[in-house]
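Novice: Chains as they are written, first to last, in the working numbering: chain C, 1 to 410; chain G, 411 to 1439.
To be clear, the hints were calculated from the coordinates, so they are not data collected in a lab.
Certain hints may be false.
One side only, chain C facing chain G, incomplete, derived with CB under 8 Å [stated by the list, open to error]:
id : residue
1  : 132
2  : 140
3  : 273
4  : 288
Where chain G lies over chain C, by a calculated footprint (3+ residues, C-beta under 8 Å) [to be verified]:
id : stretch
5  : 119–131
6  : 146–154
7  : 302–315
8  : 341–351
9  : 370–376
10 : 381–394
Below, computed lysine-lysine pairings styled on PhoX-like, alpha-carbon distance capped at 20 Å [to be verified]:
id : chain 1 : residue 1 : chain 2 : residue 2
11 : C       : 265       : C       : 242
12 : C       : 120       : C       : 30
13 : G       : 1012      : G       : 784
14 : G       : 1113      : C       : 368
15 : G       : 1223      : G       : 1291
16 : C       : 401       : C       : 368
17 : C       : 192       : G       : 1402
18 : G       : 1145      : C       : 368
19 : C       : 268       : G       : 1113
20 : G       : 1115      : C       : 368
21 : C       : 367       : G       : 1060
22 : G       : 1402      : C       : 367
23 : C       : 41        : C       : 60
24 : G       : 1291      : C       : 367
25 : C       : 268       : G       : 1420
26 : G       : 1402      : C       : 265
The C-beta atom is built at its ideal place from N, Cα and C for all residues, glycine as well.
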Amino acid sequence: MYKKLIILYILFALGCSSKKEEAPRTVPIKASLVTQKTNYKAGDSIRLVFTADQQSENIKLHIKNAFGTLLLPYQKQNDQIVFTLPTNFTRKAGLCFWKLIQENETLLKGNIDIIPMTEKGTNMETYFGPRSITAGDNDYSMLVIAPTDVYDNTVSNSTEVTIKTQFLEKISDIKVATNNLMAWYNVRSPRKSGRVLVTALCNGTTSNELTTIVFPANSTDFKIDAIMDHDFADGNQIIKFKSDKIKDEFGNVVSDGTLVTFMIKNQKDAYLYTVGTTIDGVVEARTLHPAAAAEWNIQAYITGASKSNAINVSFKTAIADYEIYFSKGNRNLDIGPLKSFMKQLVPDGILVQLDIYSSTGEFIETKKTTTKKGVSNIFLSPEYLPDGTYKFIIEAVGIKKEIIKEINGG
Amino acid sequence: MKKKTNTLLILSLIVGLAFHGSAIFFTLESTYDALIHLFFADHYADSWFDPWEYRWYTGFTVQSYPPLVHQVIGILSYIGGLKFGMYTVALIAIVLFITGVYRYTLLMTGSRRIAGYGSVLAVFSSTFVETLHIFGQLPSITALSILLHSMTEIYLWIKTGKIRYYFTTVSMLAVTVTSHHVTPIFGMVFFIAPLMGMAVMDAARERVNSYKELTFKVFINTTIKHVKRIAIFGFSGIFLIVFCIFPYWYNSKRNPITQVAIPHGSRDNFLEITSSGLVFFVIPWGILLFVMPYFFYRFFSKRYIFFGLSFALLTILGTGGTTPIPLLMLGDAAFNILTLDRFTLWATVMALPIFAEFAYRMVEGDIKVLIQEKFGGVFHRVLGGLVAGGMLFMVLFTMTLGYFRPSQPAKINMLPIVNFLGADSHDSWRYLPLGFGDQMAWLSAQTTAMTVDGNYHSARRLPELTTRAIERIENSKFRGVEGIGSLQQFLTVPEKYNLKYIFSNDKFYDPILYYCGWQRLQQLENGIMVWEKLNVPPIPQIMPKEDVPTIMKIMWGIIPISTVLIAFFINIQLIWVRLLKSKKIEPPSFMKLELPYNKFPKKLLYISFVWAFMLLLCLGYGIYLFYVKNVAQYSANNVVEAYYDALDFKEFSTAHSYLDPESNVDIAQYMLEVSVTDGILSSYAKLDSLGIEIYDETPTSAKAKVVTRWITPLESIYSNDYHELVKRKSKWYIKPSKFDNDIPPDQLFTANGTTFYNHGRRKITTQQTYHEDVLKQPVLEILSAKLVKNRGQYSIIGEIQNVDNVPADVVIKATLYNGMNKELANYNAKYHMKHKLMPKETTAFKINFEGIAWSSTKDTLPPTFDPDQFTPVDFDEQPTKFNIQSAGNTANTDLYKHVALQDLEYTNQGFNGVLFNSGVQEVTIPQLIVSYYNKEHELLWVDHKFIPEGVRIQRKQFFNYKPTQLDSLEVINTSLKNCFVNGLPNAAISDKIFPNRDFTHSFDQTQPFKGVGFDYLKFEINSYIGNPK
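Start from the sequences and build out the full structure, keeping to the hints where you can.
Specialist: Below, the structure is given as structure tokens:
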């Protein structure tokens, strides 16, 4: 126990006994600035010279500007104290504050004004956007110019910048002045679509070419027409819808690729549609002729902006009627030949549907097939449909037929 | 007596190196694991001490796997590249395994002759072939081999207590620990514990005159004598396991594995899932199965009794889910984390000495004598031939399994992908490979670019992955809808992980990429399609990282390699002496325990024969069952199944052979007809389940109703098909269905259209894209937006228009807030919208708030994968407000709009409609987007339907759509106040671009229809083109 206490005591004693050096009191130094010049251009070398009644290594110069803060070490030259500012500081335009300090005390302070070095040339950053605008009276692109000197200091306020714009045959000059770093100009959109080129000039330096596209404004109402090779509802030919040249209110042709929806309302009040995209203002859309007689009412829309006139197209029945032949104990059904409007065989692929019901009216099965060479054939094999009486409902080209037949044998 | 070199050992080393050494060059790279180890090795080669790896899973620590093998490959990669390192390590592992089995057999039997047999059998052991050439588990093999080497040393330490053996033991165990953690842990239980038992048993035997006198009492007494050595060894072992890979344990503690277990074949019921049975039971056991009675007879003799217990345990655990015993023994948690195939591996390796002993007795020992005595010399030779032939067959079968049934996609040339990622700052975003298999690890190893995916599932970090039983997103199609669901989350909200590029090696995923708003960028020289997503910000410069204390990094970097060096220096003298026989050494004590093998019990021989006969019967029955089930035209059911199988695998000539020969459809015609049908079912679907119902069956005919479920990348599709079947000449056939005869009117026709091209960068520079080259974002206008609740689920619906003059790619993100402006959830629009809009085109959109599935533990995993599994976000509070951020980017692809709605009719079955393709591109998957409106033409709901068949050019496609009922729909908030386009308020855009909008245009485009809860409908069509021309 004692041992521990002794050790603790020794440790404590050792901790206390170390002597502390006491700093001698410094006598305040009297210093004065020799350098008289306070205005410099960026990049000039800057030296601050002081005289002092006593020399001390502890004298330092504290400088501070937009670049940062730095302590410059004491440097003696012929009884004078000289501080040379590093280039990082001298190249930065703006106020540079300095303080002559010793230990923690400020002996002198002042500032230097550095202005941009425009003589060595001007650099320019230009921004132009948006890159596309709409023709008319309320859209614009903004050109922003930020000219700087060679050290990337922004030029002084009210430096003149010349802006040139070109649209169609017209080239115009505008003069603007920089304000807080930059100059800007709004290029108003013309009423015609096209391309606006702009450039800027400052202190003899020009920017590169910048551009914005003037797109046409929203479309105005237009006219459509239907084009078809015949007006029969054969379910095979293509009907085309075509518009006239769609333009905006200023007469510009709408931009290529504009989507136009052709709404087709048929006599059963079903809303069908097809779409097309414009090329040089003209849109073309296609769809298939209906398979049964129909009345179509068509109107085209550029949703929200404009619509076309409404047109009516009526399709006549192509196939007036067809025959059904039963054979092989009424198990084999030959439907057709389906003959079209000139008594020609219909093109392949007309849908034929057969619904089979039992004699008591219960639904048994649906069979679907398509025509080939005008006819379609269905065989009801005895493995699947035993002998008996059945009701057949056959539907093709919108014509429904109901037949009751007795099936026997195969 | 001068010791001779063991010729059998030398022979097996030569054969082993020649056989395995040359085969690995054809097998190792297509194994499951080898390339993963290569990726880890690349990490160490690149940054040895820093365990954080950014390239997978948005960052994970490599301290989650013992590093030795990876580090060795990494060091060797400086000599000849990563693959050189891997093959060198594999060759070392082969040598270590063969010599390890030799020494283990020598220890067990005390006979150098039998040990020689053991080394030969090790070369041709099917379990080794499988582990190396199919699984590629290099660390596991290395660790096991060194464990086998250390067994002799452990035995001698326990037996003799010489300090030299203690050091050799410890040094080798340390190497084992640093190469694989599971091997020493379970090795302690299954190998070392019985070994110590045997050592004590041998010591006890020396104290008495015969095994008969060796009573339990004697054994206990001896054990007490040895307990100090056992304890010293035991503590040293535990210390090594903890210390050598301490950072691993530290990491496991900090990041416990909380993820959903991934199903593994070794946990299946092998009788039900025969493929798992084959891979995890039949192949590893191979010919050993026939010798089972002998194993049990020998292992349950007094000397081996502890090995016997361990062997029995391993055998049972290795049966996976076939019996409930493994589950009961391990408990739920361990059963679902461990892969049980390792138990079979250990059991088969443990049995090798006994098998070697059997082989010895069979070839030149007492079994030979007995059989020749009983059945004659010819029988013995035939039997020997059968065993050897069976063994060889298993080896060849295992080796070629990967060739005939490839488990991996064909080898991909990675260079174009690596170059793509390296060029033009493409590695500033994350990428995702799809359909690469385990080769994705090789891609990752070659590039510095990062992926959200990864191939080491224990390290998965993203909640989208850990909450689902998927090992990689890359192969999500094999994980059913669960996998696809996880993939869809990544695709829908890619900006969450800065995911911009996808490399698709499997066109299966193409539709989902398209419908989630991705676009094709280019096809690389190696055939890989690159997809990109617009409007995704690059990865931030500073990424989160989980740092570990410096001491952990140093331990991890230094200890593993040191263990090898130390082990090498400690053992080199022994190896030198043993190999070159430079000095005579005292043979170890176990050499005295060689058995004379002079009388083989007859009973055992008969039992073995009966066992083998039963096995053959089972095998025969299995083959018979397989035949009956799989012979295509044996029954009506089989022919339908075979037909659909053939269709699923696109084997059309096989499918054609099942068609009724009397229907006169020749193969050319059939192929032609099949080739023209395109669509999601025929091109992008994987048959998931097949239900066949045979009815109206007569001896020669039947009808089949086939209910199929197809997994497609978009959703699962149910399809009902009816077939007529006939039996001709005792074979069943399917009657072919009729094909559409429709012919288009024009042979040749013209179409005009506007195409767009975006230069990207006009100046070739490594700088950021110049200001002049940055395109303006196309302006969009949100026309309406609503927060609705339908069937208990919140959705945001609305309509948006591209009001600019260039085509736009549209991304919409919505955020929900409660009354107190607290954010509740956010999500992007998935496929309930058209992502690409032409100028002035509109689209309806719907955003469902999808949560991360099964994220809270109380949600139980559904027993089967539910097709349209959708996990809505769990809202604690009621969302009342929302915010929509939409962004447009100039689009120049996927702008095909030429599908028309040609006919529409309402029947009792819903709307029957006809689509017509009036343009020049074949539409593979058309999608209907259906919007519902109320009487005032206000949007209420948005629904969608994918049409299973494509629309060919100038042709029709029929569809059926049943309108949904909106009886429980509740509109919570309608507002355009917090809607933004490209960061600007929507109202300002509306005022400026469309001050005079005519709203009646939208009204005029809606179909009046009186439904439940709505009055108008609108059909929009979005078309996916599989092969754009």
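Novice: Each hint should be assessed against the structure and marked as holding or not.
Specialist: Going through the hints against the structure:
1. 132: 5 Å, holds
2. 140: 11 Å, violated
3. 273: 5 Å, holds
4. 288: 5 Å, holds
5. 119–131: Coverage by chain G holds here, the residue count being 4 at a Cβ distance below 8 Å.
6. 146–154: Three-residue rule not met by the stretch 146–154 of chain C, so violated; n is 0.
7. 302–315: Check passed, 6 qualifying residues.
8. 341–351: This one holds; 3 residues, not fewer than the three required, reach chain G with a Cβ under 8 Å.
9. 370–376: With 3 residues close enough to chain G, the hint holds.
10. 381–394: Check passed, 3 qualifying residues.
11. 265(C) / 242(C): 17 Å, holds
12. 120(C) / 30(C): 41 Å, violated
13. 1012(G) / 784(G): Holds. Residue 1012(G) to residue 784(G) sits at ~10 Å (cutoff 20 Å).
14. 1113(G) / 368(C): 17 Å, holds
15. 1223(G) / 1291(G): 14 Å, holds
16. 401(C) / 368(C): This hinted pair holds, its Cα atoms lying about 15 Å apart.
17. 192(C) / 1402(G): Measuring from Cα to Cα gives roughly 18 Å; hence the hint holds.
18. 1145(G) / 368(C): Measuring from Cα to Cα gives roughly 15 Å; hence the hint holds.
19. 268(C) / 1113(G): 39 Å, violated
20. 1115(G) / 368(C): 17 Å, holds
21. 367(C) / 1060(G): Violated: residue 367(C) and residue 1060(G) sit about 27 Å apart, past 20 Å.
22. 1402(G) / 367(C): Violated. Residue 1402(G) to residue 367(C) sits at ~57 Å, over the 20 Å cutoff.
23. 41(C) / 60(C): It is violated: about 24 Å lies between the C-alpha atoms, which goes past 20 Å.
24. 1291(G) / 367(C): 52 Å, violated
25. 268(C) / 1420(G): 15 Å, holds
26. 1402(G) / 265(C): 33 Å, violated
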